[in-house]
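Please work from the sequences and hints to get the whole structure.
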Amino acid sequence: MTVASTLQFLGLVVVASPALLLASLGLPMLLGWNLSERTQARLTKTSVSVGLVAAVSILCLMVVSGSRHVPIELGNWASIEPEHFHFHLKFVFDRLSVPFAILSFVLCGTVGAFSTIYLHREKGYRRFFLLYALFLAGMIVSALAGTIETLFFGWELVGLSSALLVAYFHERPGPVRNGLRVWTTYRFADAAFLIAALAMHHFTGAGDFDRLMGSGPWPDGVAAIGSWQALAVGSLLLLAAAGKSGMVPFSGWLPRAMEGPTPSSAVFYGALSVHLGTYLLLRVSPLLEVSLPLRIAVIALGLVSAIFGALASRVQGDVKNALAFASLTQVGIITVEIGLGLRYIALIHMIGHACLRTLQLLRAPSVLRDHQTYEDAVGRRLTGDTVNPPRTATKFQVSLYRFALERGYLDAMLDDWIVRPFVKTFRFFDSLERRWTNYLSGGESRESDRLAPYGDSLEDVV
Amino acid sequence: MSELHLPWLELSVLLPLVGAIWVSLLKNRDRARKHSIAVCGLTLICALGEWIDFSSLGTFAAHDHWDVLQLIFHRDVFVIDELSAPLLPLGALLYFTTVMTTLRTKLNRFSLGWTLFSESVLLATLTCRHPWLIILLLAVAVVPPWVELRKRQQSTRIFSLHMGLSLGLLAIGQFFVGDNASASNPSIFAGCLLTAGALIRSGICPLHCWMSDLFEKATFGTALLFVTPMTGVYAVMRLVFPIAPEWALQCIAILSLTTAVYAAGMALVQHDSRRFFCYLFLSHSSLVLVGLGLVTPIGLTGALCVWLSVGISLLGFGLALRSVEARTGRLTLENFHGLYEHTPFFAGMFLLTGLASIGFPGTIGFIGTELLMEGVVEIFPLVGLAIVLAAALNGIAVVKAYFHVFTGTRHHPSISMSCRPTERITVLIVVVLIIGGGLAPQPGIHSRYHAANMLIRLREPVPQPHNAAAIKNELAISPQTTLLTETPKRKSNND
Numbered sequence: 001m002t003v004a005s006t007l008q009f010l011g012l013v014v015v016a017s018p019a020l021l022l023a024s025l026g027l028p029m030l031l032g033w034n035l036s037e038r039t040q041a042r043l044t045k046t047s048v049s050v051g052l053v054a055a056v057s058i059l060c061l062m063v064v065s066g067s068r069h070v071p072i073e074l075g076n077w078a079s080i081e082p083e084h085f086h087f088h089l090k091f092v093f094d095r096l097s098v099p100f101a102i103l104s105f106v107l108c109g110t111v112g113a114f115s116t117i118y119l120h121r122e123k124g125y126r127r128f129f130l131l132y133a134l135f136l137a138g139m140i141v142s143a144l145a146g147t148i149e150t151l152f153f154g155w156e157l158v159g160l161s162s163a164l165l166v167a168y169f170h171e172r173p174g175p176v177r178n179g180l181r182v183w184t185t186y187r188f189a190d191a192a193f194l195i196a197a198l199a200m201h202h203f204t205g206a207g208d209f210d211r212l213m214g215s216g217p218w219p220d221g222v223a224a225i226g227s228w229q230a231l232a233v234g235s236l237l238l239l240a241a242a243g244k245s246g247m248v249p250f251s252g253w254l255p256r257a258m259e260g261p262t263p264s265s266a267v268f269y270g271a272l273s274v275h276l277g278t279y280l281l282l283r284v285s286p287l288l289e290v291s292l293p294l295r296i297a298v299i300a301l302g303l304v305s306a307i308f309g310a311l312a313s314r315v316q317g318d319v320k321n322a323l324a325f326a327s328l329t330q331v332g333i334i335t336v337e338i339g340l341g342l343r344y345i346a347l348i349h350m351i352g353h354a355c356l357r358t359l360q361l362l363r364a365p366s367v368l369r370d371h372q373t374y375e376d377a378v379g380r381r382l383t384g385d386t387v388n389p390p391r392t393a394t395k396f397q398v399s400l401y402r403f404a405l406e407r408g409y410l411d412a413m414l415d416d417w418i419v420r421p422f423v424k425t426f427r428f429f430d431s432l433e434r435r436w437t438n439y440l441s442g443g444e445s446r447e448s449d450r451l452a453p454y455g456d457s458l459e460d461v462v
Numbered sequence: 001m002s003e004l005h006l007p008w009l010e011l012s013v014l015l016p017l018v019g020a021i022w023v024s025l026l027k028n029r030d031r032a033r034k035h036s037i038a039v040c041g042l043t044l045i046c047a048l049g050e051w052i053d054f055s056s057l058g059t060f061a062a063h064d065h066w067d068v069l070q071l072i073f074h075r076d077v078f079v080i081d082e083l084s085a086p087l088l089p090l091g092a093l094l095y096f097t098t099v100m101t102t103l104r105t106k107l108n109r110f111s112l113g114w115t116l117f118s119e120s121v122l123l124a125t126l127t128c129r130h131p132w133l134i135i136l137l138l139a140v141a142v143v144p145p146w147v148e149l150r151k152r153q154q155s156t157r158i159f160s161l162h163m164g165l166s167l168g169l170l171a172i173g174q175f176f177v178g179d180n181a182s183a184s185n186p187s188i189f190a191g192c193l194l195t196a197g198a199l200i201r202s203g204i205c206p207l208h209c210w211m212s213d214l215f216e217k218a219t220f221g222t223a224l225l226f227v228t229p230m231t232g233v234y235a236v237m238r239l240v241f242p243i244a245p246e247w248a249l250q251c252i253a254i255l256s257l258t259t260a261v262y263a264a265g266m267a268l269v270q271h272d273s274r275r276f277f278c279y280l281f282l283s284h285s286s287l288v289l290v291g292l293g294l295v296t297p298i299g300l301t302g303a304l305c306v307w308l309s310v311g312i313s314l315l316g317f318g319l320a321l322r323s324v325e326a327r328t329g330r331l332t333l334e335n336f337h338g339l340y341e342h343t344p345f346f347a348g349m350f351l352l353t354g355l356a357s358i359g360f361p362g363t364i365g366f367i368g369t370e371l372l373m374e375g376v377v378e379i380f381p382l383v384g385l386a387i388v389l390a391a392a393l394n395g396i397a398v399v400k401a402y403f404h405v406f407t408g409t410r411h412h413p414s415i416s417m418s419c420r421p422t423e424r425i426t427v428l429i430v431v432v433l434i435i436g437g438g439l440a441p442q443p444g445i446h447s448r449y450h451a452a453n454m455l456i457r458l459r460e461p462v463p464q465p466h467n468a469a470a471i472k473n474e475l476a477i478s479p480q481t482t483l484l485t486e487t488p489k490r491k492s493n494n495d
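From first to last, the protein sequence lines stand for chains V and L. Counting from 1, one number per residue, gives the positions in the first sequence under UniProt numbering. Counting from 1, one number per residue, gives the positions in the second sequence under UniProt numbering.
For the record, the hints were derived by calculation from the structure and aren't laboratory data. Even for Gly, the Cβ is constructed at its ideal location relative to N, Cα and C. Hints may be right or wrong, so weigh each one.
[Stated by the list, open to error] Below, a sample of chain L positions facing chain V; criterion: calculated Cβ distance under 10 Å:
#1 Q154
#2 K217
#3 L355
#4 G384
#5 V431
#6 Q442
#7 A451
#8 N453
Written as C-alpha cells, this is what we have:
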C-alpha cells in the first residue's frame with residue numbers, strides 16, 4: 001500500500017465516520033426504533049474515535065512524507081458535462097484543514113462524553129445526539145471542503161443543527177424564539193455565502209478553491225482573480241463569516257444561543273460554530289492579499305467585534321453569556337490577525353481559544369456549586385478580592401455601561417430597521433389581499449381570522 | 001413514434017375513473033376508503049410501469065401499446081414524452097398518499113369519488129399534448145373543487161372568477177394561434193392571452209388570490225390535490241413554451257421571480273397554517289416557472305428538477321401538516337402548540353420535507369435549486385439574486401412554522417395523537433424519495449437535462465436537417481398539431 005493510497009483511505013474514513021454516525025442515529029428514529037442511551041453513546045464514541053485516529057494518522061503521514069496538500073477526489077456528485085456544470089465532491093487535507101478537523105473531533109468527542117452523563121435520562125437525549133451527529137458531519141465537511149459547494153453543504157448542516165440545539169428545551173417559548181433568531185441570522189449569512197459561490201463560479205468558472213486561491217498549498221496560494229472581483233467575493237464571504245461567527249452587527253444571536261444545553265453551548269457556540277466564520281476567512285485568505293480594501297474591512301470588523309465583545313462580556317450577569325461575549329472578543333482578535341496576514345498565529349489562536357472556551361463552558365455550571373461547597377467548608381463567605389470602594393461614574397462611563405448592558409442595541413437596531421419594516425410591509429400586502437378577496441366574494445372572505453387553537457372538535461376537522 | 005409495451009397510459013386514466021364510479025356507489029364509507037386506496041395504488045403501479053417502460057425505450061415520446069383510443073379515433077390521444085413521463089407517477093403518488101393519510105373522521109367532508117375523478121382528469125391532462133384537449137381537461141379539473149365549495153356552502157366567487165378568466169383566456173388565445181405558429185414565428189396576441197391564462201392558473205401575483213381562497217375554504221386535501229400537480233406550469237410548457245419568443249418567456253421569468261419573493265415574504269407573516277402552506281407552495285411553484293422562462297439548458301434542467309423535488313417535498317410537507325391538523329383542528333401560527341412530544345414522527349417529517357423544499361443539502365431539492373440559481377444568474381445577473389432571497393425567506397418561514405406547531409409549550413391532548421400505520425408508510429415513502437433523490441441526484445438530472453435539451457430544440461427556428469429529421473421522427477408531428485392529426489404509419493417496438 002502506497003502512502004498516497006493510505007492517505008486516500010484514511011481521508012475517506014475521516015469523512016465517512018460522522019456520516020455513518022448520522023445514519024446510524026437517524027435511521028432508527030425514522031423507523032420508530034428506540035436505541036438505548038448506552039448504544040447511542042457507544043456509536044458516538046466509536047465514530048469520533050475512528051475519525052480522530054484517522055485524522056491524526058493523516059497528519060503523521062503528511063509530516064513524515066512532507067506532503068502539504070492532499071486532495072481526495074470523490075468524483076462528481078452531479079454533473080452536466082456539456083454545460084460544464086459539476087457539483088464536485090472534493091476534500092482537501094492541508095495545514096489548515098487537518099488541525100481544524102482534529103480540533104473538531106477532539107472537542108466533539110469531549111463534549112459527547114460529557115453529554116452522555118449531563119443529559120442522562122433527559123427526554124431529548126436522542127434528539128440531542130442526532131443533532132450532535134449532524135453538527136459533527138457539518139463541521140468535518142466544512143473543515144475539509146475542497147470546493148465552495150462542499151463547504152456550503154457542511155456550512156448549512158452546522159447552521160441547522162446549531163439553531164435546533166438552541167431551541168433544545170422546546171417546552172418553553174424562550175429557547176424556541178432564540179433558536180429562530182439564530183436560524184434567521186444564519187439564513188442571511190447563508191444567502192451571502194451562496195451569492196459569493198455564484199460570483200466565484202462566474203469569475204473563475206469553477207467552485208474549486210484551487211482555482212480561486214491558486215495552486216499553491218495553504219497558506220502560500222495566490223488568488224487568481226482581479227482586485228475588484230476579490231473585493232466582491234470577499235465582502236460577501238466576510239458577511240457570511242460575520243453572521244456565522246456572531247460578529248458585529250450579528251452578535252445578538254450569541255448570548256441567545258446560550259439557551260441550549262451547556263454541552264452544546266460549549267462545543268457549538270463557544271468553540272467550533274463560532275470559529276467557522278474565521279475558518280472561512282482563513283481558507284480564502286489569499287483573496288485578502290489581492291484587495292487592500294477587503295483587508296481593511298476584515299481588520300475593521302474584527303476590531304469592532306473585539307472591542308464590543310470585551311465591553312459586553314464585562315457587564316453580563318450570567319456566566320454563560322459573559323463567556324459568549326468573551327468568545328466574541330477572541331474571534332474579533334483572530335479576525336484582525338487574519339486581516340493582518342498572520343495566518344498561522346490566527347490558526348493557533350483559534351485552536352487554543354476553542355479548547356480553553358470549551359473547558360470554561362463545561363466547567364461553568366459546577367463552578368458556583370463548588371464555590372458554595374468551599375464556603376460551607378471554611379464556614380464564611382469567600383469574598384475574593386477587596387471590594388472596590390464606590391465612586392461616582394462619569395457620564396461617559398454610564399453611557400458605555402448602558403451600551404454594553406443593552407448589547408450595543410444591535411438586536412434592537414436589526415429589529416427596528418429590518419424585521420419590523422419587513423413585517424409591516426407584508427402585513428400591509430396581506431390586508432390589501434383581504435380587502436380584495438372580501439370585495440370579490442361580496443363579504444367576509446377569511447374564516448381563518450377567527451381561528452382559535454383547538455377550536456374545532458375532532459369530528460369538525462375540515 | 002415509439003410504443004410502450006403495455007397500455008399504461010390508458011390504464012392510468014381509466015382505473016381511477018372506473019374507481020370513482022364504483023366508490024360513489026358504495027354506501028359504507030370505510031369500505032369506500034379501502035377501495036379508493038386500492039384503486040390509487042393500482043394507478044400508481046400503472047404510472048410507475050409507464051415511467052419505467054418509457055425510460056427503457058430511450059426515446060423522446062411514446063404512446064400506448066394496444067391503444068384503444070387510437071383504434072377508435074385514429075388519433076394518438078394519450079402520448080407521453082420526457083417532460084411528462086415522471087410527472088405521471090408524481091401525480092399518482094400525490095393522490096395515493098393523500099387518500100392513504102385520510103383518516104376516517106374526515107370522510108364525511110372529503111369526497112373520495114370526486115378525488116378519484118380528479119386523479120383521472122389530472123393523469124389525462126399530463127398524458128395529453130393537444131392544446132384544445134389540455135384546455136378542456138383543465139376546465140374539467142375545476143369541477144371537483146367547485147362542487148366541494150358549493151357543498152360546504154362557501155362562496156365560490158373568487159375561485160370561479162379566476163378559473164373562468166383563466167380558461168377563457170386560454171380558449172381565446174388558442175383560437176387565435178395559427179397552425180404554423182412557432183418560437184420564430186410567434187403569434188403575439190394569442191401568445192399573450194395564453195400566457196395570461198396559464199399564469200392565472202399558476203397563481204402568479206397579483207392574480208393569485210384564488211389559491212389562498214381555495215386553501216381557506218376547501219378541505220386541505222382537495223386544495224392540496226388541486227394545486228400541487230402544478231397544472232398551470234404544465235399549461236405554460238405545453239401551450240406557451242413552444243410558440244413564445246424568448247423575450248416573452250423571460251418576462252414570465254421576471255414575473256415569476258417577483259411572485260416567488262412576494263409569496264415567500266407573505267408566508268412569513270401568515271397567521272393560519274394553511275395560508276402559510278399556500279404561500280410557501282406559491283413561492284416554490286413560481287421558482288419552477290422562473291427556470292422554465294430562461295430557455296437555457298441549465299435553467300430549464302434546474303426548473304424540471306425543482307418541479308419534481310418541490311412536488312415530492314411539498315406533498316410530504318402538506319401531508320404532515322394535514323395529519324397534524326386531523327388531530328388538532330386548524331392551526332394558527334400566532335401561538336405555540338407544543339405538539340412535538342405527541343407527534344415526533346410528524347415533527348421530523350414536517351422539518352425534513354420543509355427543508356427539502358428549500359433545497360437543503362442532502363435532500364432532493366439541493367442540486368435542482370443550485371442548477372436553477374446558476375441558470376437564473378446566468379441570464380439575469382443581479383435580478384437573479386432575488387432567488388437567493390426567496391430561498392432564504394422560505395427557509396425561515398419553514399422553521400418558524402415548525403417551531404410554532406411543534407414546540408414552545410407543553411400540550412396535553414385528550415386523545416392519542418400517535419401516527420397510524422398508513423400514515424407512517426406514506427411518510428416513509430416520501431422520506432425515501434427525498435433522501436434517495438438527495439444522495440443520488442445524477443440519474444434524475446441526466447434525464448431532466450435530456451428533456452430540457454429536447455424541449456429547447458423544439459423551439460429552434462431553423463433546425464439542422466438531421467436534428468429536424470430526428471425530432472420529427474420522434475414526435476411524428478409539430479408541437480402545436482401533434483396529436484389530433486393522423487399518424488399514418490406507426491412504428492411498433494416489435495418492428
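>> Going through the numbered hints above, which ones does this structure break? Give me the numbers in ascending order.
In response: 7
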